[in-house]
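Construct all of the structure, not just a fragment, from the sequences and the given hints.
As a plain string of letters, each chain reads:
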Amino acid sequence: MIEQRCKPILEKYYREDGSIISILQDVQEEFGYIPEEAVFWFSDKLNIPASNFYGVATFYAQFHLRPRGKNLITACCGTACHVKGADAIINRIREELAMPEGEDTTHDQKFTLEEVACVGACSIAPVVIINKKVYGKGTPDKISKILKEF
Amino acid sequence: MQKKRATTGKKTRARKPARAPRKREVRDFTIRVCVGTGGLAAGSNEVIATFCKELEKKGIEIPVDRKCVDNTGCRGFCAKDVLVDIIQGDSLFTYQFVTPKMVPRIVEEHIINGRPVEEWLVGPDYHAFHSKQTKVLLEQCGQIDPEDIDAYIRVRGYEGARKALSLTPFEVIEEVKASGLRGRGGAGFPTGLKWELCSLAKGSPKYIICNADEGDPGAFMDRSIIEGNPHAVIEGMIIGGYAIGANQGYVYIRAEYPLAVKRLRIAIEQARQRGFLGKGIFGSDFDFDINIKEGAGAFICGEETALIASIEGKRGMPRSKPPFPVNKGLWGKPTVINNVETLANLPFIIIKGASWFSSIGSEKSKGTKVFALTGKVKNTGLIEVPMGITLREIIYDIGGGMEKGRKLKAVQTGGPSGGCIPASHIDMPVDYESLAGIGSMMGSGGMVVMDDTTCMVDMAKFFLSFTQRESCGKCVPCRIGTKRMLEILQRITEGRGRSDDIELLIELGTDIRLSSLCGLGQTAPNPVLSTIRFFREEYEAHINKGICPARVCKALRQYVVDIEVCKMCGKCMRVCPSGAITWQKKQPASIDKTKCIKCGACYDACPFNAIL
Ligand SMILES: Cc1cc2nc3c(=O)[nH]c(=O)nc-3n(C[C@H](O)[C@H](O)[C@H](O)COP(=O)(O)O)c2cc1C
Ligand code: FES
Chain A
1 MIEQRCKPIL EKYYREDGSI ISILQDVQEE FGYIPEEAVF WFSDKLNIPA
51 SNFYGVATFY AQFHLRPRGK NLITACCGTA CHVKGADAII NRIREELAMP
101 EGEDTTHDQK FTLEEVACVG ACSIAPVVII NKKVYGKGTP DKISKILKEF
Chain X
151 MQKKRATTGK KTRARKPARA PRKREVRDFT IRVCVGTGGL AAGSNEVIAT
201 FCKELEKKGI EIPVDRKCVD NTGCRGFCAK DVLVDIIQGD SLFTYQFVTP
251 KMVPRIVEEH IINGRPVEEW LVGPDYHAFH SKQTKVLLEQ CGQIDPEDID
301 AYIRVRGYEG ARKALSLTPF EVIEEVKASG LRGRGGAGFP TGLKWELCSL
351 AKGSPKYIIC NADEGDPGAF MDRSIIEGNP HAVIEGMIIG GYAIGANQGY
401 VYIRAEYPLA VKRLRIAIEQ ARQRGFLGKG IFGSDFDFDI NIKEGAGAFI
451 CGEETALIAS IEGKRGMPRS KPPFPVNKGL WGKPTVINNV ETLANLPFII
501 IKGASWFSSI GSEKSKGTKV FALTGKVKNT GLIEVPMGIT LREIIYDIGG
551 GMEKGRKLKA VQTGGPSGGC IPASHIDMPV DYESLAGIGS MMGSGGMVVM
601 DDTTCMVDMA KFFLSFTQRE SCGKCVPCRI GTKRMLEILQ RITEGRGRSD
651 DIELLIELGT DIRLSSLCGL GQTAPNPVLS TIRFFREEYE AHINKGICPA
701 RVCKALRQYV VDIEVCKMCG KCMRVCPSGA ITWQKKQPAS IDKTKCIKCG
751 ACYDACPFNA IL
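Chains A and X are the protein sequences, given in the same order. Numbered per my numbering, the first sequence finishes at 150, counting up by one with no gaps. Numbered per my numbering, the second sequence finishes at 762, counting up by one with no gaps.
Because the hints were derived from the structure by calculation, they are not lab data. Heads up, the beta-carbon is just placed ideally off N, CA and C, and yes, glycines get one too. Any given hint could turn out to be false.
To be verified - Sample of chain X residues facing chain A (criterion: CB under 7 Å; computed from the structure):
id, residue
1, Phe370
2, Arg373
3, Glu406
4, Tyr407
5, Ala446
6, Gly447
7, Ala448
8, Glu462
9, Pro472
10, Ala522
11, Thr524
12, Gly525
13, Thr530
14, Val598
15, Phe612
Said to hold, decoys possible - Capping the alpha-carbon separation at 20 Å, the derived lysine to aspartate or glutamate pairs in EDC-like fashion look like this:
id, chain 1, residue 1, chain 2, residue 2
16, A, Lys12, X, Glu444
17, X, Lys721, A, Asp141
18, X, Lys748, A, Glu96
Claimed, not checked - Here are the computed distance ranges between Cβ atoms for each label pair:
id, chain 1, residue 1, chain 2, residue 2, range
19, A, Gly102, X, Val626, 56 to 64 Å
20, A, Thr139, X, Lys745, 36 to 44 Å
21, A, Glu16, X, Ile656, 42 to 50 Å
22, A, Thr139, X, Lys736, 28 to 36 Å
Structure, rendered in structure tokens:
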């Protein structure tokens, strides 16, 4: 199972040096997160210690070692969004999803909330991205309404 | 998305005979819709689809050499999206805030009857926003189709690269040196000099890297340039690669910018097909190709040595310099790292010449600079201005003044490495030296405007918590020092500040600045130090009086009803989540402090500003 899904990734990268990041990116694309089995599988095939993979995976914000919710909410808390009230929006999202601070995925695995610094759409701040769709000029009430659609 | 649009366009033409019994004349017009990140968020895809549908319904045919709707990159004014241009001959009309619902009327009145819908056209502020700028790099963004190499070639694209290849590498470097171009990635190092150092360095192969990591939260210039005109960046890399003798280039780009990555991929592929990249480019004997490396979400990877570690597939941790990357860079080989905007300037310098470039700007800062103007200003967006322009011109002429007529308090530049410029310095020229002189920096070009509702202590805390989170942890001053500073700021904003905290922050900040390993730590204290320098009284108000003058710091807020102003509507009571507000008809409301959770809902809800 793991073998089947990882093999194409291996074939893409085994010739290149320094491809740990690219491999992890593709693994995450395939599985939605980075499963332990996949790390050990690659470690074995490439003869690179698993710790190197984990070193990289834990360094970069993009990688997740646990499964994520079905819907991904990316709330921007970059400067422009902060100045325009991103905090209130994030609080409202947590309220709506009944998700206390410190957690990022709802118990039913329906939503994952991710806070990032700037998605590059600052002129329509504050910005929330849900499943790759960008919602600009948000307010807490607007967000509540949008979330109800899911 | 691109594909879908193309087929819709074809369908319009293919189905026309069957579907459109009324024969209509073929009109010579172009509809341009912005499809940058801002445009897409505002729904430009839906607008495009509606235009296609509506045109088909009316049986209007568009000349075959035109797409149904040309797609363009960001023109910088995302606050007014969706923006639609309708061009007929020499006349151009621009509509703002377009929604699918508005499309039928635009088609009917403007395209069919030739009468533009006046009330939906952009106003004078749109024109002022653009006319006060000096557009060099952004000239083509929003005007040409970024996914079509021919559109770029039509505006003299790749002429600069061709010309550079007809010169010697030495001549190219001399030209760039003479232009006075300095790096747009933050530090402002002279680009020509960097290239010269690398070309003289021993070792091969050599590499050129385009730094498109754009980590400053609140900046999106590089994203917009790549989304709007990716070929200009590729051309700049070809010129640089040729000058230093590199055959391989890399673009290190944030994975958070999917659209930019996609456009860059398309552009590189098209350039390869034309023989502009690959073996013997432009029929010369010079080989050059470009690979894309996607970053994985770490601010520190914008720092050059960390970026190199990341491309090599390692944890993105910086190392001390020297040796500099021009001597020992990627895989230990001589490497030039340049910012996106720096590279995009190069085709212009080569085509128009160094003296043209150096005629723009101030004495030591040449050319134009692109800023991401955001925050509490009316017109937010991407702007390009000559170096040396004053903040006043930027905020009031281009930005249209402050939002809601509020008072300007400060402008933040340089992001988490920069500082705040107080309103009293608004006539200061914006260039590398002046900004550094005031304890801020040019940075990559984020410019956040703040008014009296922004708390400066909170702002300093915001930036510091960012750098603290992004610190790679390698060196002690940065890893632990910023943490301690953050704790102090935390307690100040919670009303637990101590009388010597300001001095302690200054001392810590100065030490961290001097002793950190890389640029991240060396600049991390800047936002704190600069706000202390110009807004010390706000810190003192928090510490000594327990109040936050801008009413931002939650723990310091106290809500009371101003009985004189209260119109007894009861709105506040209905929004209060904790039942702290009591109100009866014809009686002013009152807030029970013991139950109040300071959420601010009543403050926001009150239509009469009666809650203080
Ligand atoms: C913490 C840190 C973050 C940086 N982030 C960026 C960035 O996002 N983009 C960029 O072009 N340069 C960034 N730089 C500057 C680069 O290290 C480097 O100076 C620059 O890319 C050189 O290109 P230039 O000479 O064209 O400006 C950063 C520097 C530091 C210390
Ligand atoms: S700060 Fe939120 S998009 Fe830039």
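Hint check:
1. Of the supplied interface hints, the one on Phe370/X holds, with its beta-carbon coming within about 4 Å of a beta-carbon of chain A, less than 7 Å.
2. A cut of 7 Å between beta carbons decides the hint on Arg373/X: the least distance to chain A is about 4 Å, and the hint holds.
3. Taking 7 Å as the C-beta cut-off, the interface hint given for Glu406/X holds, the closest approach to chain A being about 6 Å.
4. This hint holds: Tyr407/X has a C-beta 6 Å from the nearest C-beta of chain A, less than the 7 Å allowed.
5. Taking 7 Å as the C-beta contact cut-off toward chain A, the hint placing Ala446/X at the interface holds, the least distance being around 4 Å.
6. Proximity of Gly447/X to chain A holds as hinted, the smallest CB-CB distance being about 4 Å (cut-off 7 Å).
7. Contact between Ala448/X and chain A, as hinted, is supported at the beta carbon level, the nearest pair being about 5 Å apart and thus within 7 Å.
8. With a cut of 7 Å, the hint placing Glu462/X at the interface with chain A holds, because the nearest CB-to-CB distance is about 4 Å.
9. A least Cβ separation of about 23 Å between Pro472/X and chain A goes past the 7 Å threshold, and the interface hint is therefore violated.
10. Checking Ala522/X against chain A by beta carbon gives a least distance of about 6 Å; that is within 7 Å, so the hint holds.
11. Residue-level restraint check for Thr524/X holds (minimum Cβ-Cβ distance to chain A is 4 Å; threshold 7 Å).
12. The interface hint given for Gly525/X holds, since its Cβ lies 5 Å from the closest Cβ of chain A, which is under the 7 Å cut-off.
13. For Thr530/X, the interface hint holds, the least distance from its beta-carbon to any beta-carbon of chain A being 4 Å, beneath 7 Å.
14. Because the closest C-beta pair between Val598/X and chain A is about 5 Å apart, less than 7 Å, the hint holds.
15. Nearest Cβ of chain A to the Cβ of Phe612/X: about 5 Å, under the 7 Å cut. The hint holds.
16. For a cut-off of 20 Å, the pair hint linking Lys12/A to Glu444/X stands: about 15 Å separates their Cα positions.
17. The hinted pair formed by Lys721/X and Asp141/A meets the criterion: a straight-line CA distance of about 16 Å does not exceed 20 Å.
18. A threshold of 20 Å between alpha carbons decides the hint, and for Lys748/X with Glu96/A the separation of about 19 Å falls inside it, so the pair holds.
19. Distance hint for Gly102/A and Val626/X: a CB-CB separation of about 27 Å, inconsistent with the stated range 56 to 64 Å.
20. Hint check: Thr139/A to Lys745/X, Cβ distance near 25 Å, so the stated range 36 to 44 Å is violated.
21. Between Glu16/A and Ile656/X the CB atoms are about 48 Å apart, so this pair conforms to the stated range of 42 to 50 Å.
22. With their beta carbons about 31 Å apart, Thr139/A and Lys736/X fall inside the hinted range of 28 to 36 Å.
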